[in-house]
Structure formats: C-alpha cells, structure tokens
Amino acid sequence: MEFTDLYKRSIAVQGVVSAVGLLILSSVVVVIYSCWISPILAHRKLKKNGFEGPPPTFPLGNIAEMRKMVADKKRLIVLPLDDHYQSLDISHDIHSIVLPYFARWNGLYGKVFAYWLGTEPFLYISDPEFIKLMSSRVLSKNWGKPRVFKEDRKPMFGNNGVVMIEGEDWVHNRNIITPAFSPSNLKAMSNVIVDSATTMLDHWSNILDYNNSKHEIDVHNDITKMTAEIIAKTSFGNILVNEENGRKVFEKLRALQLALFQSSRLVGVPFSKFIYQKKSQEANKLGEEIDDILVSIIQSRTESMGNNKDRGQDFLGIMLQDNSKNKKLSVEELVDNCKTLFFGGHDTTALALTWTCFLLALHPQWQNYLREEIEQVLGGGQLLLDDPTDIVKLKKGTIISLQIEFQ
115 MEFTDLYKRS IAVQGVVSAV GLLILSSVVV VIYSCWISPI LAHRKLKKNG
165 FEGPPPTFPL GNIAEMRKMV ADKKRLIVLP LDDHYQSLDI SHDIHSIVLP
215 YFARWNGLYG KVFAYWLGTE PFLYISDPEF IKLMSSRVLS KNWGKPRVFK
265 EDRKPMFGNN GVVMIEGEDW VHNRNIITPA FSPSNLKAMS NVIVDSATTM
315 LDHWSNILDY NNSKHEIDVH NDITKMTAEI IAKTSFGNIL VNEENGRKVF
365 EKLRALQLAL FQSSRLVGVP FSKFIYQKKS QEANKLGEEI DDILVSIIQS
415 RTESMGNNKD RGQDFLGIML QDNSKNKKLS VEELVDNCKT LFFGGHDTTA
465 LALTWTCFLL ALHPQWQNYL REEIEQVLGG GQLLLDDPTD IVKLKKGTII
515 SLQIEFQ
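Everything in the sequence shown is counted per this note's numbering, starting at 115 for the first residue and increasing by one.
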C-alpha cells in the first residue's frame with residue numbers, strides 16, 4: 115500500500131516537472147522566435163522588397179552604432195583646450211550634428227531606408243514623392259503602425275487617438291477632427307493667437323526696458339508656455355484656462371515627455387521595459403492623471419452645453435458638435451484626440467518658432483527685411499488671418515527656416 119502511494123506521488127511529481135519543463139521550453143522557443151528568428155525574417159523581407167539599411171545586431175539593432183556616432187560628433191564639436199572649452203567652427207549642417215546616424219545612412223542608402231531599434235524595424239523616409247505614392251496604395255488606411263510604438267507612447271497618446279488607430283476608425287476620427295482646421299475656424303481662433311503672442315512680447319519688452327536691454331531671456335521656455343496657452347484656449351476654450359486645468363495638463367505633459375524620453379532609450383530592445391520600470395510606471399501614472407483632468411473638462415463642457423447646438427469654435431466644441439450629428443466618438447476617443455492635439459500642437463510649434471528666432475539672430479539682415487515689409491503692409495497694426503497675402507518675405511523666411519538653412 116505504501117509502495118503504491120509512493121509510486122503515485124512520484125508519478126504526480128514527474129507530471130508537474132514535465133509540465134513546468136514544457137512550459138519553460140515553450141517560453142524559450144517563443145522568446146527565441148520573436149526576438150531573434152522573426153527579426154531575421156523581417157530583415158530579409160525588407161531587403162527583398164528593396165529597403166536597404168544598416169545591418170542590425172542582436173539584441174540592440176542599430177542603437178549601439180547610433181550612440182557611438184552621437185558621442186563621436188560631440189567630441190568633434192567641443193574640445194578641451196587649456197582648461198577651457200573651445201568650439202570648432204560653427205556649422206549650419208544641423209542634420210549631421212543632431213542626428214549624425216540619419217545623415218550618414220541617408221548618404222549611404224538614399225532617402226528611404228530601414229533601421230532597427232532593438233528587434234523592431236523602422237522606416238526612415240525623407241522623400242515626399244515616396245510618401246505620396248505609399249499613401250495612395252495603403253489599403254484601408256492600415257499603415258501597420260509598430261506595436262512597440264503604441265505601447266511606448268500609450269501614456270501620451272492613449273489607444274484611441276488618430277496617431278494610434280488605423281483603418282475605418284482612423285477615417286472616422288479624421289472626418290470629425292478635420293473641420294476644426296478649416297479656414298473659417300482657424301480665423302475665429304486668430305484673436306487668441308494674437309493676444310497670447312502680444313502678452314509674451316510685452317513681457318519681454320518690460321524686462322529689457324527695466325534692465326537696459328542687458329537681461330538674458332529664455333526664449334524657448336517662454337515660447338513653449340505661449341504655445342501651450344494658445345493650444346489650451348483653442349482646444350478647450352476659456353473654461354479650461356480659467357480653472358487652470360491648462361497649466362496642469364501642460365506641466366504633466368512636460369513631465370510625461372521627460373519620463374518617456376528616459377524610458378525610451380532602449381525602445382525595441384527585448385525586456386527593456388524592466389530596465390526602466392520606475393520611469394514607465396511614472397509615465398503611466400501621469401497619463402492617467404491627464405486623462406482624469408480631460409474627462410472632467412469634457413463632462414463639464416457637455417453638461418454646460420446641454421441642448422445648445424452652438425458648442426463653440428474651439429477644438430473640443432467642434433468635436434462635440436459633430437459628435438451629435440454622426441457616429442459618436444467615445445469619451446476615450448475624445449480624450450486621446452485632445453491629448454494628441456495638445457502635445458503635438460504646442461511642442462512642434464514651439465520648436466519651429468524657437469528655431470526661426472535662432473536663425474534670425476544669426477542673420478540680422480533678414481530681421482531688417484521682415485520689419486520693413488511688415489511695417490509697409492500692416493502700418494503698425496496687428497497681423498490677422500484675413501490680412502492681405504502679399505507678405506512675401508515673411509512667408510519665404512518661414513519656409514526657409516523649416517528647411518534648416520538660410521540662403
């Protein structure tokens with residue numbers, strides 16, 4: 115009897131051990147396939163379809179090579195000399211300084227190539243015609259957005275905004291959002307833009323007058339605050355700004371951006387999320403806090419509107435107005451689209467304005483050209499969206515600044 119019980123127990127233990135062993139073996143096979151075999155197959159498929167690029171190495175892809183090129187470029191830009199740092203000649207080839215790996219690969223592989231972050235492939239495109247061709251041939255608007263990007267940027271953009279979704283959901287969201295950027299709606303927002311810009315410029319003037327024009331101003335910081343205020347007002351109306359929700363969202367988004375930047379240094383590398391687990395948790399928490407603020411704004415706005423069909427000319431009001439006519443967007447979709455506009459809108463605009471100011475500082479002659487033209491066209495008045503379109507030099511200066519060089 116005892117022998118029989120012992121035999122049964124040994125059989126049970128062997129069964130458990132076999133099950134655990136099979137589970138471990140299966141997990142190892144899945145990891146090997148997803149982290150090693152699948153990327154190899156993807157790399158071969160990309161090359162077969164004509165997408166060349168730097169060869170990846172396991173498990174970092176091209177990350178190690180990218181970091182080395184950045185470090186080498188930094189050593190070339192600033193060199194220690196007699197206990198002082200002396201810069202070399204100023205170069206206007208910003209692309210090769212800030213993103214040396216893309217500049218090098220662009221020369222080696224052309225305007226379209228594949229590169230790897232960890233085991234995830236990404237496509238670099240600097241050819242507008244290729245983008246047009248690709249856009250016209252993508253079936254059902256399914257772009258195949260990478261899973262690693264969606265997971266990494268979820269706290270910032272959510273799961274349901276236009277940046278994350280594809281297919282018919284993307285088309286539906288786009289159709290509801292597009293009217294917010296019509297010429298008539300942009301014109302209605304012009305006063306908000308002018309007021310915020312004027313307030314910032316008056317602040318600068320007061321500082322310089324008080325300090326006899328010798329005070330240092332953090333231009334990028336002030337421009338970032340200004341664009342955030344403009345986006346807040348044009349996105350959600352004055353109710354958000356009056357309740358200081360705009361400031362809260364802005365501060366949390368900046369903190370979220372920093373947390374994601376630190377946790378994304380090894381994005382695409384297998385199991386890298388465990389390395390920056392603390393920062394990932396911080397980003398998720400900030401994302402949830404931003405969601406809570408935006409949900410309260412949407413609910414408050416919806417309740418205050420009631421049956422009133424005129425919901426305002428701001429981004430949220432236009433979405434809510436169209437929401438009552440067509441297939442409705444969920445609260446999650448509204449929140450994620452608001453986050454997308456708020457973050458993408460203020461950050462890209464602030465960088466473009468700061469960069470333009472920097473280039474104008476390097477080229478005082480263009481400052482004189484623009485001042486003369488603006489004075490001639492406006493005569494000391496304010497620039498509005500319905501002003502004449504003959505501000506040629508201002509438009510040219512803006513376009514050239516976005517092309518990263520002045521002629």
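There could be a bad hint or two in this list.
[Said to hold, decoys possible] In silico EDC-like cross-links for lysine to aspartate or glutamate, where the CA-CA straight-line distance does not exceed 20 Å:
no., residue 1, residue 2
1, K162, D266
2, K509, E489
3, K162, D186
4, K393, E489
5, K264, E402
6, K366, D316
7, K387, D207
8, K187, E166
9, K392, E403
10, K246, D207
11, K268, E489
Simulated from the structure, these hints should not be mistaken for lab results.
- Query: Holds or violated: K264 with E402, Cα cutoff 20 Å?
  - Reply: 16 Å, holds
- Query: Are K162 and D186 close enough, with their CA atoms no more than 20 Å apart?
  - Reply: Roughly 33 Å between the alpha carbons, so the hint for K162 and D186 is violated.
- Message: For a C-alpha distance cap of 20 Å, please report whether K509 and E489 respect it.
- Response: 15 Å, holds
- Message: Tell me if the straight-line CA distance from K366 to D316 falls inside 20 Å.
- Response: With Cα atoms ~27 Å apart, K366 and D316 exceed 20 Å; violated.
- Mind checking the alpha carbons of K268 and E489 for me, to see if they're no more than 20 Å apart? Violated: K268 and E489 sit about 46 Å apart, past 20 Å.
- Between K187 and E166, is the straight-line Cα distance small enough, at 20 Å or below? 24 Å, violated
- Are the Cα positions of K246 and D207 separated by 20 Å at most? Judged against 20 Å, a Cα distance of about 27 Å means the pair is violated.
- Message: For K162 and D266, compute the direct alpha-carbon distance and say whether it is at most 20 Å.
- Response: Roughly 29 Å between the alpha carbons, so the hint for K162 and D266 is violated.
- For the pair supplied as a hint, K387 and D207, is the alpha-carbon distance within the 20 Å limit? 35 Å, violated
- Would you check the hint for K392 and E403, treating anything up to 20 Å between C-alpha atoms as holding? 17 Å, holds
- Taking 20 Å as the top limit, are the C-alpha atoms of K393 and E489 close enough? It is violated: about 50 Å lies between the C-alpha atoms, which goes past 20 Å.
In this structure, the earlier hints numbered 1, 3, 4, 6, 7, 8, 10, 11 are contradicted, and the remaining ones agree with it.
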